[in-house]
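Visitor: Here is what each chain is made of, one letter per residue.
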Amino acid sequence: MNRRIETHDTMASTSPASARRVGRRHPLATTALLVVGLLATGGAYALATTTATAETTAASAQLIDEGGKLFAANCATCHGMNGQGTAAGPSLIGAGALAVDFQVGTGRMPLSASGPQAEKKPVQFTQDQVDAMAAWVADLAPGPAVPPDRFIAGDGDAANGAELFRINCAMCHNVAGAGGALTQGKWAPGLAGVDPVHIYGAMVTGPQNMPVFSDLNLTPEEKNDIITYLLYVQENPSVGGWDLGSLGPVSEGLFIWIFGLGALVGVTIWLTAKSN
Amino acid sequence: MAEEHGATSGETAGKAVAQQQDHTAPAPAIAVVRTDRIPNPGFPPERLRVTDLDPKKEKQAERTISALFFLSIIGSVLAVVAYIVFPIDELDPSTIRLNNMFLGIGITLGLLGVGIGAVHWSKALMHGHEQVEQRHPTRGSDESRERSVEIFREANAESGFTRRTLVRNSLIGAVVATPIPAIALFRDLAPAEDPVALLKHTMWDTGVRLARDPSGTPIKASEVTIGSAFHVIPEGLAELESHRLEEKAKAAVLLMRLPVDELNEREDRAGWSYDGIVAYSKICTHVGCPVALYEQQTHNLLCPCHQSQFDVANHCAVIFGPAARPLPQLPITVDEEGYLVAKSDFTEPVGPSFWERAL
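So the sequences go chain by chain: U and C.
First residue of the first sequence: 1, per our numbering; consecutive thereafter.
First residue of the second sequence: 1001, per our numbering; consecutive thereafter.
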């Protein structure tokens, strides 16, 4: 397309002049008309395309601008007006859109109170606002971007995902993704009902004390496998029956000590009691 | 007491009991009771059960008990029916749920029906009177005691057990020898090689590349971004034909990258890390659980079994819990292609203490 426009530009200076001089019956009139027509179409197309690009840039700039305003109003107290970080909050330069999508999209940010770790709470912004702030933070410096849908579709290999989950994630998040305790009041949250994009975001960005699992450690396809496994675990009930929250010996031990031993004590009393 | 009773005839036993009873009476010239033994109160008056008094209730109990037994039969049949109706499909694990649940309910009804029915029968309908069974002396009569000694003597004389010493001694030798094969067999359950040497060395060696668990692909230093945690096995472990799990249990390593300014390195371990990348054994020094709960901001490593905590920024020093030693560090560097490699094996045995572990 570009090449065609260039050609027209070079001919445009000569052709209309010759057409005016010798009239419509000139042998070159058809050619001239063709040239003019093509020029008009090409020019209009080029103009339209440029306008479209300018609109996208304008929309993006508007989004970043809107995100900047939201950031200044809601986040800048701790992260600084330019996201450079303060004593109260880390720098967001290079944090990327995905980190914003995870932290704000799960309601962890804005932080309601300082504590061992940020808690998941009702999301404070609409997805459009989250996207705007993500665009603003991504505009500060390059960082992890929101993944394309095919990496969070959850249509991968659940068996491979299960093995990767057991090796990389299960020690903190529990083998069934039920979560677990960490040191000094921190905890690894349960993963049931978490949006796949947030699971992906947590792996890539390593929020708070979670280690980073970059695409060089677990490829996007492997991350999709892990998401597939987590969705499988949620959608398929435990084979062993009532899983008691999948918390392992804690809930199972409590259950058997209270109800199992309780039943044994009850039977013993009934055995030795005299009949009425 | 029984001994005393046994030694005397019935008459003297009666006397002894009479003497005992005398002890409770005040001694001459002493105005207090010598012992404060509580007298036997005997049995409380028998309380009759409703089934003894009311024939209707008796009939009801009878029906209940037989109903329990019938329920048991139904349960047992149900278990067989459930086993056929809800087969386990190997490709669909969810079928195990229904199979196990109905099989379990059936067998439970079958067993509990019999048990509860039998107990209820004995409690509600069977003869309810209390009875006393006196204890009798256990000593045999003198005649039977003499006769049994005589039998031993006769057997000895007839068999020649004490006379034919060669036969007797060879028999004793044979009996003593029979457990020897068992000792040889069970001894072979222990590792054929010296277990101490096995415990002191792992697959890590100079130039062995660090590889991802489970794929076994080697890791480049440039791939380990700050805050990352990699679960690492030695390259070649994934392809091992035998003893793969044993080797993995010793060689498993956690690779982490900390900001260089947050990592405190000891003088003698200065060259053991690479640009903030450190590798530590994943086997807890307490009882050998895999320690992998890494917190990338506090640089704490938590063992899930007994809550031992290690500070990765300070050579995995123990900061909490029952572990006695820091986690062993694997000295690492990079090869000319940029892959992370081990400088040597661990410089101390990994995992929990053992008897021959020199401290």
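For the record, the hints were derived by calculation from the structure and aren't laboratory data.
There may be inaccurate statements among the hints.
As the list claims (entries may be wrong) - Under 8 Å between C-beta atoms, here's a sample of chain U residues computed to sit facing chain C:
id : residue
1  : L28
2  : L33
3  : V36
4  : E119
5  : Q208
6  : N209
7  : N276
Claimed, not checked - Taking CB as the label site, the calculated pair distances span:
id : chain 1 : residue 1 : chain 2 : residue 2 : range
8  : U       : R150      : C       : I1088     : 54 to 62 Å
9  : C       : T1108     : U       : N276      : 22 to 30 Å
10 : C       : H1306     : U       : R150      : 38 to 46 Å
This one's a predicted model, so the numbers in the text were calculated from it and none came from an experiment.
Using N, Cα and C, we set each Cβ at its ideal position, and we do this for glycine too.
Visitor: Each of the hints needs a verdict: does it hold here or not?
Guide: We went through each hint and held it up to the structure:
A distance limit of 8 Å between C-beta atoms decides the matter here; for U:L28 the minimum to chain C is near 64 Å, and the interface restraint is violated. Hint status for U:L33: violated, given a least beta-carbon distance of 61 Å to chain C, over 8 Å. The beta carbon of U:V36 comes no nearer than 58 Å to any beta carbon in chain C, farther than 8 Å, and the hint placing it at the interface is violated. Given hint, U:E119 at the interface with chain C, is violated; its Cβ is 16 Å from that chain's nearest Cβ, farther than 8 Å.
Using the Cβ-Cβ criterion of 8 Å, the hint placing U:Q208 at the interface with chain C is satisfied: the shortest such distance is roughly 6 Å. Against a cut-off of 8 Å between C-beta atoms, the interface hint on U:N209 holds, since the closest Cβ of chain C lies about 4 Å away. Interface hint status for U:N276: upheld, as the beta-carbon distance to the closest one in chain C is roughly 5 Å, under 8 Å. A hinted range of 54 to 62 Å is violated for the C-beta pair U:R150 and C:I1088, which are about 36 Å apart.
Between C:T1108 and U:N276, the C-beta spacing of about 26 Å keeps the proposed range 22 to 30 Å intact. For C:H1306 paired with U:R150, a C-beta distance near 43 Å keeps the hint of 38 to 46 Å intact.
In terms of the numbered hints stated before, the structure departs from hints 1, 2, 3, 4, 8, listed from lowest to highest.
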